[in-house]
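S.K.: Following the hints, put chain A in place on chain H, whose structure we already have.
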Amino acid sequence: MINININKKLHGVEEDMQLDVILEIEKGDFVALSGKSGSGKTTLLRILAGLETTNGIIHVDNEIWLDTHKCKSIQKREIGFVFQDYALFENMSVLENLLYVKKELKLADHLLEVTELGEFRNRAVTTLSGGQKQRVALCRAMMKRPKILLLDEPLSALDPSMRLKLQNEILALHKEFGTTTIMVSHDPSEIYRLASRVIVLENGKIINDGKPKEVLLRTQGSQKFSFEGELLEIKKVDIIYIAIVAIGQQLVEIVISGDEAKDLKIGDLVNVSTKAFNGNLKKNQTT
Amino acid sequence: MIEILQNLNFTPFLLSFKLAGLTTLILFVLCLPLAWYLSQTHSKAKPFLEAITALPIVLPPSVLGFYILYALSYNSPIGAFFKESFGVDLVFNFTGLVIASCFYSLPFMVQPLQSGFESLNKNMLEASYVSGKGKLTTIMKVALPNIKPALITAIIVTFAHTVGEFGVVLMVGGSIPGETKVASVAIYEMVEIMDYSSAHIYSAIMIIMSFLVLLGVYTFNHKQKFSGFIK
Numbered sequence: 001m002i003n004i005n006i007n008k009k010l011h012g013v014e015e016d017m018q019l020d021v022i023l024e025i026e027k028g029d030f031v032a033l034s035g036k037s038g039s040g041k042t043t044l045l046r047i048l049a050g051l052e053t054t055n056g057i058i059h060v061d062n063e064i065w066l067d068t069h070k071c072k073s074i075q076k077r078e079i080g081f082v083f084q085d086y087a088l089f090e091n092m093s094v095l096e097n098l099l100y101v102k103k104e105l106k107l108a109d110h111l112l113e114v115t116e117l118g119e120f121r122n123r124a125v126t127t128l129s130g131g132q133k134q135r136v137a138l139c140r141a142m143m144k145r146p147k148i149l150l151l152d153e154p155l156s157a158l159d160p161s162m163r164l165k166l167q168n169e170i171l172a173l174h175k176e177f178g179t180t181t182i183m184v185s186h187d188p189s190e191i192y193r194l195a196s197r198v199i200v201l202e203n204g205k206i207i208n209d210g211k212p213k214e215v216l217l218r219t220q221g222s223q224k225f226s227f228e229g230e231l232l233e234i235k236k237v238d239i240i241y242i243a244i245v246a247i248g249q250q251l252v253e254i255v256i257s258g259d260e261a262k263d264l265k266i267g268d269l270v271n272v273s274t275k276a277f278n279g280n281l282k283k284n285q286t287t
Numbered sequence: 001m002i003e004i005l006q007n008l009n010f011t012p013f014l015l016s017f018k019l020a021g022l023t024t025l026i027l028f029v030l031c032l033p034l035a036w037y038l039s040q041t042h043s044k045a046k047p048f049l050e051a052i053t054a055l056p057i058v059l060p061p062s063v064l065g066f067y068i069l070y071a072l073s074y075n076s077p078i079g080a081f082f083k084e085s086f087g088v089d090l091v092f093n094f095t096g097l098v099i100a101s102c103f104y105s106l107p108f109m110v111q112p113l114q115s116g117f118e119s120l121n122k123n124m125l126e127a128s129y130v131s132g133k134g135k136l137t138t139i140m141k142v143a144l145p146n147i148k149p150a151l152i153t154a155i156i157v158t159f160a161h162t163v164g165e166f167g168v169v170l171m172v173g174g175s176i177p178g179e180t181k182v183a184s185v186a187i188y189e190m191v192e193i194m195d196y197s198s199a200h201i202y203s204a205i206m207i208i209m210s211f212l213v214l215l216g217v218y219t220f221n222h223k224q225k226f227s228g229f230i231k
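Protein chains in written order, with my numbering: chain H, 1 to 287; chain A, 1 to 231.
For reference, chain H alone in the conformation it holds in the complex:
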């Protein structure tokens, strides 16, 4: 069980804000941290790891990691941390990166086996691809047999097929080692696949906390599906209007009425949904 009650003043890109988080995380949980960039997700991870100072308390399994009198050093916290940019030790080979943490060859070999890196064990890490580097980083983090595994957008720089592969490996290691895992992610499919709980941060506060299905599914009432997208263009065709909307990597056309077209302008964030037969397009109220 992890108990967190912290507050810290952050200097944001646009304005200063207060990171204010009260959180309880069950042992063995897989938690996804989501939210816009600059909302304090990475800072929260770094505070847990001890890489940043703050006021407040952190208790892990009834052990004090942080309170007003004590701050457990980074080195002594049972944490594995996977950085977004891998942060491998570039002067070492794959195997040396792992053994640097702990001289336990058997564990290192096992981890390299699980992540299919066995044949690369003596390669210089500078010669690896992005996906391979991130797997080395994951193995390195597991070498400590950490109680808590912290992942800071570990897969954001990888292509979709590599992501899927690594997601499975992360999940396998999470289960095998029984770690409590906290992962920063923006990718809903990734969160849905991996996490048992998702916490959404905004401006340093928790604004949503629940099961991925409850938090991520955006449909309301009798909507059958619902997507958020950006309005790119409105074309007039005879008496109707056609809106072109970018949803993720995909462009779609939606028929809208003249009244609806009046309220919309190019660049609006919109919600595309369907109920029975026709598609609906509604301006997103949150923006």
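Treat the hints as calculated values from the structure; they're not laboratory data. Just so you know, not all the hints are guaranteed correct.
[Claimed, not checked] Partial pick of chain H residues on the chain A-facing surface, computed with a CB cut under 8 Å: (1) A49; (2) L51; (3) I74; (4) F83.
[What the hints assert, rightly or not] From chain A, some residues computed to sit far from chain H (all C-beta separations above 12 Å): (5) T41; (6) K46; (7) G134.
Nothing here was measured: the structure is a model prediction, and the numbers come from that model. The beta-carbon is built from N, C-alpha and C at its ideal position, and this holds for glycine as well.
M.R.: Just chain A, lined up with the frame of chain H:
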């Protein structure tokens, strides 16, 4: 030509190299923690420390030499303390030269190391801390091996710069053969007594050696930059 070379007194060169070697060694040990501190700190004292370490670059060697001479002589508390406590003279001998060279060449060791440390990916150092390693292990096993070009530059340039120093050495050490008469001082004296052929040979040797050293540094750094397999 060969006869001239055979009759040449190499003692000033040997002295120069001994001085440069010792200075480089001492500065490396002293500057490593200083450069690390400067690269990691956000303290308000940082600009002051940086300015002080850079002073020897801009000061005329005579100014530096004058103050070092004064500080190490019996007239100052430092010089008097060493004389009374250890019976050691610090001026007009080799020990004094080493101390003076350490001040003179300080920035050439600190600055490359500092910028090397600053260029390191901060996450790499943090990954080492998270791996359970302290600062010393992180510096020795992760930071230093990853700034090899800066490290080589710092060591070689400090060495070469100490070999090339003249003003400070002359002021603090004078020109005692076998003790403080280094190559640069020897050349100055040869010119003064109009022994131009010896001055030519000494100077040519200095130019060739300096060029070879610098060529070596740049070749190494070039290779490091373009090789994927650093190991």
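S.K.: For every hint, state whether the structure bears it out.
M.R.: Hint check:
no.: 1; hint: A49; in the structure: holds (6 Å)
no.: 2; hint: L51; in the structure: holds (5 Å)
no.: 3; hint: I74; in the structure: holds (4 Å)
no.: 4; hint: F83; in the structure: holds (5 Å)
no.: 5; hint: T41; in the structure: holds (15 Å)
no.: 6; hint: K46; in the structure: holds (19 Å)
no.: 7; hint: G134; in the structure: violated (6 Å)
Violated hints amount to a single one, hint 7; each of the other numbered hints is respected by the structure.
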